[in-house]
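Asks: Line by line, the protein sequences are chains E and R. When we follow the numbering used here, the leftmost residue of the first sequence carries the number 58, and every step to the right adds one. When we follow the numbering used here, the leftmost residue of the second sequence carries the number 58, and every step to the right adds one.
Hints are computed from structural coordinates only; laboratory data are not their basis. As the structure is a prediction and not an experimental result, all values here were calculated from the model. Hints should not be assumed to be uniformly reliable.
Below, simulated DSBU-like cross-link-like pairs (lysine-lysine); rule was C-alpha separation at most 30 Å, straight line [to be verified]:
#1 K243/E x K183/E
#2 K322/R x K322/E
#3 K322/R x K243/E
Computed far set for chain R versus chain E, every beta-carbon distance over 10 Å [stated by the list, open to error]:
#4 I154
#5 T158
#6 T195
#7 G227
#8 T233
Computed, partial: chain E to chain R, Cβ under 10 Å [stated by the list, open to error]:
#9 R194
#10 I257
#11 I324
#12 Q373
#13 G429
All C-beta atoms, glycine included, are put in the ideal place defined by N, C-alpha and C.
2 protein chains.
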Amino acid sequence: MDLQSLSTPALILDKGIVERNTARMSARMTKHGVGLRPHLKTAKSARVAELATAGHSGGITVSTLAEADYFGENGFDDITYAVCIVPGKLSQAAALIAGGTDLKILVDSIDTAKFIAAYDHDIRFKVLIEIDCGDARTGLLPEAPELIDIGTILNDAQNCDLQGVLTHGGHSYLATSIDGIKQAAKEERTAVLRAAERLIAAGFPCPVVSAGSTPTAMHGESYDGITEMRPGVFVFFDLDQLARNACTREDLALSVLASVIGHNKHIGHITIDAGALALSKDISATANWPHVGYGSLCDPETMAPLENLHVAKVSQEHGVIPVTDDTAYDRLPIGSMVRVLPNHACITAAGYPCYNVVEGTQVVDQWDRVNGW
Amino acid sequence: MDLQSLSTPALILDKGIVERNTARMSARMTKHGVGLRPHLKTAKSARVAELATAGHSGGITVSTLAEADYFGENGFDDITYAVCIVPGKLSQAAALIAGGTDLKILVDSIDTAKFIAAYDHDIRFKVLIEIDCGDARTGLLPEAPELIDIGTILNDAQNCDLQGVLTHGGHSYLATSIDGIKQAAKEERTAVLRAAERLIAAGFPCPVVSAGSTPTAMHGESYDGITEMRPGVFVFFDLDQLARNACTREDLALSVLASVIGHNKHIGHITIDAGALALSKDISATANWPHVGYGSLCDPETMAPLENLHVAKVSQEHGVIPVTDDTAYDRLPIGSMVRVLPNHACITAAGYPCYNVVEGTQVVDQWDRVNGW
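Chain E on its own, in the form it takes in the complex:
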């Protein structure tokens, strides 16, 4: 089927690009001698997971237990749930483990560690301790006394296997240059290795030393001592990654197909049928590129940039494209289509139940996604 036969808005995934992006990351991690446990929070798709895990152990990372459930059903049994678990979700985790999933859970607090240790002793929980390497979101500082306290609780518990430490160099997203990303990657590695060293020095096991973000996995200089990296958005990339030079334009695999619904010449804009729900309200790339707005426009077939055209405003189902040169109305007649490059692939994709997978201008497949919790 031709791309332009799709009803709009529609989520489009370029098969060749996602294959290239995943193969490159796999090769890069192999070259550096570090395992790849891709974070599937971006793609939430078993078909993408097959590509992203090729050449490595098959282990994956997820951000929700709904993802763990879906990927388990799709044959991915080795899963790290990389958000600190709360007591209320332990029963769901236990059900997944009882069902055969090799699930690793995450903690960064004594309270949660105690709760796990006191939980049903018929289930064995594999547990990682989260480390804050500079991201300043969650996790313990590598020198925090609680690291050893939690290690002790988990190591002493009859129902826990202490697996090691996990960190996320999310502060690499704040870097605006490759050098800045390299520095974040160094901090990520230093922090997680120091935490592992402290656990081992205290006599605890630490087989897993897990790190990663797409920028640090793409540009880090050394992964020595790290057992696995967990990049996510590298499968698709997006304008936010491009704006910080973490990828090239040719690496952008995801776009939204939209139709031109109006020429509002008295205002000076074109409207398309991709608004806040089709694109999301994420404008992260505008921190570096103010004129990207809610997404930049491309020719629907060649993906050539439609210069100076971007989605400047959104309402629920409308995207508004300012027109500074009236020839834009001729280039984009009502009913014609465009493709919009989103700011943040993870957030935009979450508005859709599936990917329309294209090779060139032909839709060759539909790949499902798991949304929600």
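Add chain R to chain E, keeping to what the hints say.
Replies: Same frame as chain E, but now just chain R:
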């Protein structure tokens, strides 16, 4: 079931509040002698549609053809699709009409009007012309020459019933006072009446004079000449409406239930398991209330505000709540729950497949939603 037995994040709808909000709007429109055709783009729920249409004709407004399909299947046959149609969607619209839905479609361009007029003559399309009353998004200015051109095309077409004019006073969302909303309501009415007057003067039928937004429906002083109003977010309201005084805090029907997953004391914040996907990245209320962030926190049972606590940052599955007073850690232990009031109900709700409907702290029902396109 008790509210706190739900897995988080979860979308919570207070039944008593949505009943009160819908009854009030119904009574207000009846008192003003104007029809109510609620815009279901906010709720996307047949159960909410039943409440919102009570006391009026049963006609509804939708923003996607997926909504039209869903509501048609749920017994709502009189539907206005209030986004200008593109040629590529006419076959979907025709299928709905052939299936028995009394669908009204919208145009604001000569090109689309011609396309409809040239379409399959076995289907009759009921068509409205969109007017720009100051919203500056879509529609023709009331004095635009194209209004009569489009009227002529549709009136001459063998497959069209020209139904009249439709406008959306969306610029009322920019008002920061009730007086400002009243002014927008006056502009909305003046513009759509003028367009209707011109169509009638040209000898065309104009049985429908449709207007509306929640602020203008709540605070307009006269609807004389308008046949129907199409407010949407009034069913739930949200922080964005509250911040512009379009409702009171007691009118906020929608919230997100979340769990505390971390006390990150070395950074000075609490994390919850409601991030960008659970809350959306909409921060519209911050234009008036900078300290609302991605949502403000409430006690999960009483809905009393947790003073000074709001979601300042989000990543995909994390919400970050800055702590300025250390007693917050005691008030919100790890594993405890909060409810987050969202900025924009329409966008936040779109992340969920259903509402958990509560009376007080008891979950009494689950109402489905239709998402996507």
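Asks: Hint by hint, say whether it matches the structure.
Replies: Structure-based check of each hint:
As the CA atoms of K243/E and K183/E are separated by approximately 27 Å, the hinted pair is consistent with the 30 Å bound. Restraint check for K322/R and K322/E: not satisfied, since their Cα atoms lie roughly 54 Å apart, outside the 30 Å limit. Under the criterion of a C-alpha separation no larger than 30 Å, the hint pairing K322/R with K243/E is consistent with the structure, at around 24 Å. For I154/R, the shortest C-beta to C-beta distance to chain E comes to about 17 Å, beyond the 10 Å cut-off, and the non-interface label holds.
No beta-carbon of chain E is positioned within 10 Å of the beta-carbon of T158/R; the least distance is around 17 Å. Listed as a non-interface residue, T195/R fails to keep its Cβ farther than 10 Å from every Cβ of chain E; the least gap is roughly 5 Å. At the 10 Å boundary, the C-beta of G227/R falls inside the reach of chain E, the nearest C-beta of that chain being 7 Å off. The non-interface label for T233/R is consistent with chain E: the shortest C-beta to C-beta separation is roughly 19 Å, beyond 10 Å.
The interface hint given for R194/E is met, as the beta carbon of that residue sits about 6 Å from the closest beta carbon of chain R, less than 10 Å. Residue-level restraint check for I257/E is violated (minimum Cβ-Cβ distance to chain R is 23 Å; threshold 10 Å). The restraint placing I324/E at the interface with chain R holds, with a minimum CB-CB distance near 5 Å, inside the 10 Å limit. Because the smallest distance between the Cβ of Q373/E and any Cβ of chain R comes to about 6 Å, under 10 Å, the interface hint for this residue holds.
For G429/E, the shortest C-beta to C-beta distance to chain R is roughly 6 Å, which falls under 10 Å, so the interface hint holds.
Going through the hint list in order, the structure does not satisfy hints 2, 6, 7 and 10.
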